[in-house]
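Fit chain B to the supplied structure of chain A, relying on the hints for placement.
Those protein sequences? They're chains A and B, same order as listed. For what it's worth, the numbering used here labels the leading residue of the first sequence as 1, then goes sequentially. For what it's worth, the numbering used here labels the leading residue of the second sequence as 1, then goes sequentially.
Quick caveat, the hints were computed from the structure, so don't treat them as lab data. Heads up, a few of these hints could be off.
Because identical chains cannot be distinguished in the list, a pair is counted as satisfied if it fits within a single copy or across any two copies.
Dumping the calculated DSS-like pairs for lysine-lysine here, alpha-carbon to alpha-carbon at most 27 angstroms [as the list claims (entries may be wrong)]: (1) LYS26 / LYS58; (2) LYS2 / LYS19; (3) LYS2 / LYS26; (4) LYS57 / LYS40; (5) LYS10 / LYS40; (6) LYS26 / LYS57; (7) LYS40 / LYS26; (8) LYS19 / LYS58; (9) LYS2 / LYS58.
There are 2 protein chains.
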Amino acid sequence: MKVRIHVFLKPGVLDVQGKAVEGALKGLGWSGVANARVGKLIEFDLDGAEDPAAEAKKMCETLLANTVIESYRIEVG
Amino acid sequence: MKVRIHVFLKPGVLDVQGKAVEGALKGLGWSGVANARVGKLIEFDLDGAEDPAAEAKKMCETLLANTVIESYRIEVG
Numbered sequence: 001m002k003v004r005i006h007v008f009l010k011p012g013v014l015d016v017q018g019k020a021v022e023g024a025l026k027g028l029g030w031s032g033v034a035n036a037r038v039g040k041l042i043e044f045d046l047d048g049a050e051d052p053a054a055e056a057k058k059m060c061e062t063l064l065a066n067t068v069i070e071s072y073r074i075e076v077g
Numbered sequence: 001m002k003v004r005i006h007v008f009l010k011p012g013v014l015d016v017q018g019k020a021v022e023g024a025l026k027g028l029g030w031s032g033v034a035n036a037r038v039g040k041l042i043e044f045d046l047d048g049a050e051d052p053a054a055e056a057k058k059m060c061e062t063l064l065a066n067t068v069i070e071s072y073r074i075e076v077g
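Excised from the complex, chain A in its bound form (with noise of 0.2 angstroms):
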């Protein structure tokens, strides 16, 4: 079972890297850019769980995000 986690800073939260991101696109003429965020894509094969979504949540909790700053998404299939 192929579970994908997305890991993004919370809203509020500044991401100095997006706004590296922002600024270098916009210099580079792309003018039009805005609110760009950079996050965390994990992804992994998990075999053996009854209910991956329930272990992918476990995971993220107490591992892969840093729950006071950052929020997740999880998808499973």
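Just chain B now, with coordinates in the frame of chain A:
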């Protein structure tokens, strides 16, 4: 127009971050985890582009991905 770009190391390129995640998850008891990969996810709004997918491809080639070792996938909408 919302643009979402997924950047991953190409298969065959050692993904140390992915190995670290896999090792940590196994250490926490999730022994069924395999083939973990960690990539980047870049999201932004793009206004004023006639063909946002083509513009996003150009952005990847010039700035957002190192195409020697990284592959990317673009989602528009």
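Next item on the list: Give me the numbers of the hints this structure contradicts, sorted from smallest to largest.
Entry: Violated hints: none; all satisfied.
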